[in-house]
Amino acid sequence: MRMIKFCKVISLLVLIQSCVSSKEMVKTSPDDSIENSMVLALEWQEQHPIYSLDPTDWTNGAYYTGVVKAHQATNNQVFLAALKNMGHKNEWKTCFRYYHADDIAISYSYLYINKLRKHLVDLKPTDNFISDHLYKDHEWKQGSDEGDKKILWWWCDALFMAPPVLVEYANLKNDRIYLDSMHQYYMQTYQLLYDKKEHLFARDLRFKWTGKDTDLKEKNGKKIFWSRGNGWVIAGLALIIEGMPVGYEHRPFYVNLFQEMASKIKETQPKDGLWRTSLLSPESFNHGEVSGSGFFTFALAWGVNNGLLDKETYLPTINKAWKALRSCQQENGKIGWVQNIGASPEPASKDSWQNFGTGAYLLAGSEVLKLK
Amino acid sequence: MRMIKFCKVISLLVLIQSCVSSKEMVKTSPDDSIENSMVLALEWQEQHPIYSLDPTDWTNGAYYTGVVKAHQATNNQVFLAALKNMGHKNEWKTCFRYYHADDIAISYSYLYINKLRKHLVDLKPTDNFISDHLYKDHEWKQGSDEGDKKILWWWCDALFMAPPVLVEYANLKNDRIYLDSMHQYYMQTYQLLYDKKEHLFARDLRFKWTGKDTDLKEKNGKKIFWSRGNGWVIAGLALIIEGMPVGYEHRPFYVNLFQEMASKIKETQPKDGLWRTSLLSPESFNHGEVSGSGFFTFALAWGVNNGLLDKETYLPTINKAWKALRSCQQENGKIGWVQNIGASPEPASKDSWQNFGTGAYLLAGSEVLKLK
Amino acid sequence: MRMIKFCKVISLLVLIQSCVSSKEMVKTSPDDSIENSMVLALEWQEQHPIYSLDPTDWTNGAYYTGVVKAHQATNNQVFLAALKNMGHKNEWKTCFRYYHADDIAISYSYLYINKLRKHLVDLKPTDNFISDHLYKDHEWKQGSDEGDKKILWWWCDALFMAPPVLVEYANLKNDRIYLDSMHQYYMQTYQLLYDKKEHLFARDLRFKWTGKDTDLKEKNGKKIFWSRGNGWVIAGLALIIEGMPVGYEHRPFYVNLFQEMASKIKETQPKDGLWRTSLLSPESFNHGEVSGSGFFTFALAWGVNNGLLDKETYLPTINKAWKALRSCQQENGKIGWVQNIGASPEPASKDSWQNFGTGAYLLAGSEVLKLK
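Residue numbers (our numbering), protein chains in the order written: chain A, 46 to 417; chain B, 46 to 417; chain C, 46 to 417.
If you're looking for bench data, these hints aren't it; they were derived computationally from the structure. Be aware that one or more of the hints could be misleading.
Reference excerpt, derived from the structure (chain A facing chain B, CB under 10 Å, subset only) [stated by the list, open to error]: (1) 91; (2) 117; (3) 121; (4) 129; (5) 130; (6) 216; (7) 217; (8) 221; (9) 294.
Just so you know, even glycine gets a beta-carbon here, dropped at the ideal spot from N, CA and C.
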């Protein structure tokens with residue numbers, strides 16, 4: 046190339062070439078909008094359905110919660126169509142363990158569709174589940190030998206799975222009894238797992254320090270706080286606060302908790318924007334992970350958009366995180382770098398994916414969209 | 046390139062470049078055939094399932110009628126596989142309102158599959174629906190206070206939804222009672238909604254002029270004739286005439302109506318080939334719309350292919366329309382510029398889509414294919 | 046650009062252009078790994094579901110057997126997710142003809158998932174089918190006027206459909222009665238259809254020579270041995286031997302049969318690597334076919350990987366075949382050149398596809414992977 050000397054022909058060639066290129070550009074240039082990225086993520090995920098126990102399980106529950114928020118933010122019918130298809134295929138059922146918070150997460154989507162289209166959604170299974178979950182007897186409510194399982198929501202993920210559904214259900218029924226029940230159980234979990242010094246949640250009692258030598262800790266001596274686990278909590282908080290009546294007496298508790306956690310999460314963000322799976326020991330698995338980071342990005346952006354977090358303070362964090370999340374999306378729409386199903390920090394990889402990871406991505410996008 | 050004189054290096058470079066390019070061309074050059082465009086449209090639509098009331102509803106009814114015609118025209122098993130999958134997933138059910146023409150449209154596909162594969166399709170739901178639709182008592186048949194709703198098919202879309210199914214059903218049962226019933230109800234709708242001066246159908250009684258000041262009209266003072274509404278009618282006519290025994294006594298009525306409408310539709314075609322959503326007021330929403338245009342293109346091409354319309358007269362109209370329809374297909378196969386679900390002229394957009402829009406595209410392609 | 050006279054600018058342009066290109070290269074360069082090719086094949090097939098009788102039929106049975114092996118070989122969750130979705134959608138049912146080997150093929154997948162995830166799979170339908178298939182009275186077991194149909198597995202395809210399932214079922218139940226029953230029926234088919242001189246199976250009695258003038262033969266005077274038919278047998282043998290306890294007394298029979306057939310199959314490989322649909326009359330339809338060739342490639346590679354076939358002898362055959370199979374995969378993942386559903390040699394085409402063809406491709410890939 047250094048040897049090029051004459052050029053008319055060349056410039057002609059270049060011209061032709063650039064015409065061709067620009068035409069191709071028009072045809073193939075990707076639509077770089079956030080919305081388009083979200084559509085691509087949905088399309089890939091819809092083409093790769095996956096579940097753990099059943100298509101009504103928490104993995105789809107979390108994924109379709111992302112789809113709900115994507116639809117709310119964009120009004121793009123591709124999201125609503127996916128929601129309705131899922132509901133129809135699932136016959137509007139919840140998953141089957143009435144005592145398990147995971148198994149009602151899917152109803153967040155049903156309740157949303159029901160708001161848009163009357164007489165389409167069969168809410169009976171949701172009614173039954175919530176009634177049983179809150180008010181039917183079960184060993185957990187009596188206490189059991191497994192110390193950490195004597196309360197209904199004994200692991201922090203549960204705070205994403207059930208409470209936002211109960212808030213929406215209270216709105217539907219216009220009955221604060223569901224809010225009060227939610228709050229009662231939330232407080233139990235909060236007391237059990239929230240670390241008031243670190244402002245993060247232990248995933249479950251295994252990770253709570255008791256002062257004994259047997260306390261689990263990272264190699265660096267710090268406590269083990271799981272990124273996704275805390276992602277569940279703070280994303281759930283955003284959903285709860287958003288749905289809760291402004292005047293509800295316990296709302297300040299949730300707002301305060303949200304702000305406390307947000308501050309800590311901001312603080313733990315690695316330079317490249319994506320949180321590691323072990324928040325206080327980023328070196329354990331030193332790469333970004335998308336599900337936790339997606340939930341954090343959603344929560345922080347939601348906080349800014351709703352006046353609960355200071356825009357100037359949080360915007361750099363959010364922008365860095367979103368940019369990094371985008372780079373985890375492959376050309377075909379797939380969202381990689383998602384830690385597999387688990388209950389503590391584990392590594393992810395470029396190609397590891399789960400539907401709830403896509404859900405976290407959609408949640409993040411749905412609020413980052415509104416920042417512009 | 047003839048003028049290149051110096052530049053061995055350059056020509057070498059160019060050569061390398063063009064080799065790469067031409068190899069890429071081979072790999073990525075699209076198959077520009079009509080059939081391939083139809084396959085891409087189907088693939089995108091299958092990946093984006095959507096319904097209004099239920100997957101057995103009229104939106105899928107119209108879409109899969111397009112898939113039937115695509116299969117008939119191409120014998121490409123990709124279309125038949127999609128039909129069978131739909132039927133299996135729907136358990137060969139109709140939609141659930143026996144008195145509503147929309148809810149039997151899906152049976153056009155079931156009856157088609159049944160012709161190809163004996164003992165596969167469960168025709169019971171179709172039997173029951175047709176029996177109830179035609180012969181069970183219902184308020185509409187008694188007349189009601191809502192003037193326009195005292196007949197079974199009180200809106201023009203219905204003439205696509207039910208009559209072609211009844212014609213096929215008459216053939217299956219070899220019983221002209223279904224033809225006669227169809228004709229009886231068709232005539233009621235014809236009398237109610239056909240404008241004998243304009244040779245177009247009012248969508249429903251709201252749009253029929255009575256000579257009062259309250260008559261609905263466009264800004265330009267003309268009557269409101271909805272593109273898709275008339276698309277339903279004339280595409281339905283093609284399906285009816287095609288299926289009807291040649292010697293059926295009322296066939297000439299349908300042929301005549303088809304020819305009258307075809308002439309008017311040709312006349313209203315805008316220069317760029319695609320009809321606007323308000324046929325007599327193209328300036329209301331001045332862009333082409335795909336569902337109406339697709340139905341028109343199908344009907345006109347079918348008329349030419351079956352000797353009911355003069356080829357020389359109609360070919361320019363059809364070619365212009367098809368070329369324009371093609372330009373509404375996005376690279377991923379999606380058919381855009383489809384007016385949303387509605388009941389009167391409304392705008393569309395580059396990205397607005399519906400399954401029945403894809404159906405209209407497939408119908409058009411299936412007949413344009415045969416013109417070559 | 047018209048004014049460019051010197052070349053610094055141009056070389057800069059060219060440089061920019063090549064940067065762009067190389068960036069695009071990075072983005073779009075395909076992942077040429079075997080695993081990626083298998084994932085693409087699965088993705089295309091999942092987006093083009095197809096069945097003959099029912100989604101539980103042998104076509105899906107054979108396809109998902111390929112998906113099982115793909116998952117075993119790669120541990121890529123995309124394969125397991127597809128299996129679980131299929132099982133859930135099929136409600137873990139077999140197809141419905143208890144006396145028909147085809148209708149239990151799908152249970153190979155159910156039994157595999159059941160090994161990985163306890164309490165997920167409902168094995169009742171499989172239990173019932175196997176019990177009826179083996180031990181319930183039926184005309185075939187009594188003999189019938191149709192000479193070839195007086196035994197349970199009267200056509201060679203059956204040796205892929207049922208025996209591998211019975212072997213896995215024997216393992217699950219830890220009960221050799223299922224092995225013994227399998228062996229009993231296998232021997233009947235072997236006696237009926239195996240040509241001990243040619244070391245190939247007649248598809249069914251129609252193709253077995255009796256010495257009469259009416260014996261079916263190819264134009265070249267040779268016997269008709271169907272590629273896919275023998276593919277079913279030898280791929281089935283690999284699955285049987287793999288699953289069968291090492292000490293099972295009849296194992297040597299299967300090993301010997303496998304080796305005999307492998308040798309003959311190697312011998313009949315055309316130069317371009319892909320077998321023709323009529324093994325001894327390649328000139329009948331002189332192009333490669335993927336389903337038979339895929340099953341052969343799977344079986345031969347499995348034999349090498351498991352020490353039953355000599356690596357040096359068979360590797361060239363396998364490599365040539367795999368390379369040619371790869372060339373039948375289209376850019377979008379689709380596997381072409383698959384003979385349609387049939388029962389004797391027929392032609393295929395570049396675009397002809399079936400789910401079991403994709404299954405054969407996945408089987409082949411799953412063993413070729415391990416050769417490296």
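*Could you check if residue 294 of chain A really has its C-beta closer than 10 Å to a C-beta on chain B?*
violated, 41 Å
*Interface hint for residue 121 of chain A, Cβ within 10 Å of any Cβ on chain B*: Cβ of residue 121 of chain A sits 8 Å from chain B, so the hint holds.
*Grab the minimum C-beta distance from residue 217 of chain A to chain B and call the hint holds if it beats 10 Å, violated otherwise.*
Residue 217 of chain A check fails; min Cβ-Cβ to chain B is 21 Å, beyond 10 Å.
*Verify the interface restraint on residue 216 of chain A: the C-beta must sit less than 10 Å from at least one C-beta of chain B.*
violated, 25 Å
_Does residue 221 of chain A hold up as a contact with chain B if the rule is Cβ-Cβ below 10 Å?_
Hint violated; residue 221 of chain A Cβ to chain B Cβ min 34 Å, cut 10 Å.
*Hey, does the residue 129 of chain A contact hint survive, CB to chain B under 10 Å?*
Holds: closest Cβ of chain B sits about 7 Å from residue 129 of chain A, inside 10 Å.
*asked:* Restraint: residue 91 of chain A near chain B, CB-CB cut 10 Å. Satisfied or not?
replied: Hint on residue 91 of chain A: holds, closest Cβ of chain B at ~7 Å, below 10 Å.
*May I ask you to test the interface hint for residue 117 of chain A with respect to chain B, counting a Cβ-Cβ separation under 10 Å as satisfied?*
Result: violated, 18 Å to nearest chain B Cβ.
*Given hint residue 130 of chain A near chain B, where the shortest CB pair must fall under 10 Å*: holds, 5 Å
Checked against the numbered hints listed earlier, the structure breaks hints 2, 6, 7, 8 and 9; every other hint is satisfied.
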